[in-house]
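Undergrad: Each chain, written out:
There are 2 protein chains.
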Amino acid sequence: MVVDAGESTGAGRPPVTGTPMAAEGFAFSVEARDGAARAGRLTTPHGVVETPCFMPVGTKATVKAVQPRELRGLGAQIVLGNTYHLFFRPGTEIISAHGGLHGFMGWDGPILTDSGGFQVFSLETTRLLRDDGVEFSSVYDGSRHVFTPEVAMRVQEDLGGDVVMAFDQCAPGTLPGPELEAAVERTTRWAAACKEAHSRRDQLLVGIVQGGVDETLRRRSAAEITGVGFDAYAIGGLSVGERGEEMLATVALMDELLPSDRLRYFMGIGDPIGIVDVIARGVDVFDCVLPTRMARTGTALLRGGGRLNLRNARFAADLTPLEADCDCYTCRTFTRAYLRHLVTQKEILGAQLLSLHNLRVLLRLTRDARSAIRAGRFAEFVGHVAGRGSAGG
Amino acid sequence: MVVDAGESTGAGRPPVTGTPMAAEGFAFSVEARDGAARAGRLTTPHGVVETPCFMPVGTKATVKAVQPRELRGLGAQIVLGNTYHLFFRPGTEIISAHGGLHGFMGWDGPILTDSGGFQVFSLETTRLLRDDGVEFSSVYDGSRHVFTPEVAMRVQEDLGGDVVMAFDQCAPGTLPGPELEAAVERTTRWAAACKEAHSRRDQLLVGIVQGGVDETLRRRSAAEITGVGFDAYAIGGLSVGERGEEMLATVALMDELLPSDRLRYFMGIGDPIGIVDVIARGVDVFDCVLPTRMARTGTALLRGGGRLNLRNARFAADLTPLEADCDCYTCRTFTRAYLRHLVTQKEILGAQLLSLHNLRVLLRLTRDARSAIRAGRFAEFVGHVAGRGSAGG
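Chains as they are written, first to last, in the numbering used here: chain A, 1 to 393; chain B, 1 to 393.
One thing to keep in mind: the hints can contain errors.
Which copy is meant is left open, so a pair is good if it fits within one copy or across any two.
Taking lysine to aspartate or glutamate pairs in the DMTMM-like style, the calculated list, with each CA pair at most 20 Å apart, reads [to be verified]:
id: 1; residue 1: Lys64; residue 2: Glu347
id: 2; residue 1: Lys346; residue 2: Glu256
id: 3; residue 1: Lys195; residue 2: Glu24
id: 4; residue 1: Lys195; residue 2: Asp132
id: 5; residue 1: Lys195; residue 2: Glu246
id: 6; residue 1: Lys346; residue 2: Asp141
id: 7; residue 1: Lys346; residue 2: Glu224
id: 8; residue 1: Lys195; residue 2: Glu157
Source of the hints: derived by calculation from the structure; they are not laboratory data.
Assemble the whole structure, with the sequences as input and the hints as a guide.
TA: And the structure:
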């Protein structure tokens, strides 16, 4: 549940004692550790985020098929918006007129906006990489635009999220070495430019470390980005095609290299096992479109990492809920047979109910991870989650 | 709000004193009249329905894009399911295994199922009209089927709705006289067969009067159907292409011909002015797909009958809610600009939020109609609704 910043110093609660940040109204503290896993608390002007925390993705100012009031009920604490999409549709002018994204999308809890970089680099191929930024064509109408660190900062200031991201070049570990190195250099240069350009005191600016799965480049990027100096750091360039063990080794390396008292954000992980794996390596916050995207294709996510494809005929007369021990509205109310009926009949309600369940799986998982870390039982928790197996259908 | 049948005789509430019905657990009473308009109370095994009442349509066991828990919050008292669609997808066997539609769709309030006749007559053209029923091809897979009064009763008994409909031939007033007359004859014969075939004592069977907008045929059909004898009557064959004044004159005629102590159901009306018009002529219950269908095409319904097409560019920067005095979640939370953004970006949330609003408009309108009738101010209420005009865009 989101706790208002105002409430966090209220009756019975300790005052916020986290490491003070340059951004006004922000603080972060690691309150418990269990191995490398951490349980912490990020205070923002729009409320407190207990970590580890899964962040639902609200690409175009909506977590697809889910209402903001439902997000609260599911236990969501912070939502992500995509700068690229919002820049083009509806544009920052309209969002600013609403006092920013919070007012526009009806979510008064914390919001994080990405820098737009990921979409610029992944959505189209006619981009022109320049020293000062990227020239590219809009996927909406083909018009040409240039995103620079300065543009990314200005747009995110206009969007008005609580947490904003430095403009970086997301370079997958599968890139050739020289390209990966150039991306690291560019990311450092841009990070410094972002820090220089960013002026809103009520926003937390996050630096992003790149370097793929190359240890030397990761060390270099981490040194350079922490050298520029941010109050929180993101691990970029992972979950983009590299092998799983390389990814995890890189996260473990980041745990060693990043300052231990700063928030760490892993960009783009949404399967239960992967989430538990990165929490175990010191990550505090993560996001992914997986739960809502899978919901729209009729797939239910299970706590142990399994998946149920509800188009499968074997669910046609299955009178059990998606998961017997899930506390979401979908599992408390509907059978797999009903959900399969909705999915095969392309009923909107199917996407809604599966989105609620899939998000709840990850939000409950991370809530339980927080408790386990605080209780010093995280290893046991990991075993329990993994032990549920990934059986699906 | 739906009141549990159990609660209706609870502390502080008068016992149910309506006209007893043949069906067990049912009663209906007209509690107030204002001109021809009536405010009444239908008791069913799944709760009480205060009339006049708008009934959201849950075609395939879902009111499209709306969750059952939301229907309650909107003030829905009873939901309609379509026998034709449910017969084919998912089939009665799966629904029966859930204990009927209530368990299948997660709605524990009253449910009405139609007879399937409307779809059989409207969805395809290869049908073969027989004396005992209709042979037709499924829109799902082209397979041939015969619906008879006996089949319609058996299927509706399996679906397990509270209120079930006689199998009739929906004959629009635009049909040539001899065909309209044949439809009236067939509807009477089938009504008697339905009454004979229907055996579930915990379901209320409704007889349907046909006759288009022909006064002679309406009088004949009303006499014949009331002669067969039902505890509730539906006005069929209207809202299917006839002129508005003919429709209203026919409803007024039905008010004269139907027993005044029995429930009256007008099949298929969903615009605010039309609803007020039929309430003024003695109708108690009505349904329509209009509010949810319009929502899915990006159109908002207004209380005075107007409509807002949110694709219209004039809403792009409109910071006002759909209706300033609407109490729905959508109007309390979001601007027209945000809703237009969702609609133009084809976001599922757009259909959800517009469905909530459109349903609330009609459910609040009918709630207010009930109050107005009880207060003896219905004419004033009609003037107020009509006075809001139908301005939209």
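Undergrad: Now look at each hint and say whether the structure bears it out.
TA: Here's how the hints hold up against the structure:
For a Cα distance limit of 20 Å, the shortest separation of Lys64 from Glu347 qualifies both inside one copy, at 15 Å, and across copies, at 7 Å. Taking the closest pair of Cα atoms, Lys346 and Glu256 never come within 20 Å of each other, the shortest separation being 48 Å inside a single copy and 44 Å across copies. Proximity of Lys195 and Glu24 under a CA criterion of 20 Å is satisfied intra-copy only: 15 Å inside one chain copy versus 74 Å between copies. In this assembly of identical chains, Lys195 and Asp132 lie within 20 Å of each other by CA distance solely inside one copy; the values are 14 Å within and 80 Å between copies.
In this homomeric assembly, Lys195 and Glu246 never come within 20 Å of each other (Cα to Cα): the closest approach is 30 Å inside a single copy and 72 Å across copies. When the C-alpha separation of Lys346 and Asp141 is checked against a cutoff of 20 Å, the pair qualifies only between copies, where the shortest distance is 16 Å, while the shortest distance within a copy is 29 Å. Taking the closest pair of Cα atoms, Lys346 and Glu224 never come within 20 Å of each other, the shortest separation being 50 Å inside a single copy and 42 Å across copies. Proximity of Lys195 and Glu157 under a CA criterion of 20 Å is satisfied intra-copy only: 13 Å inside one chain copy versus 69 Å between copies.
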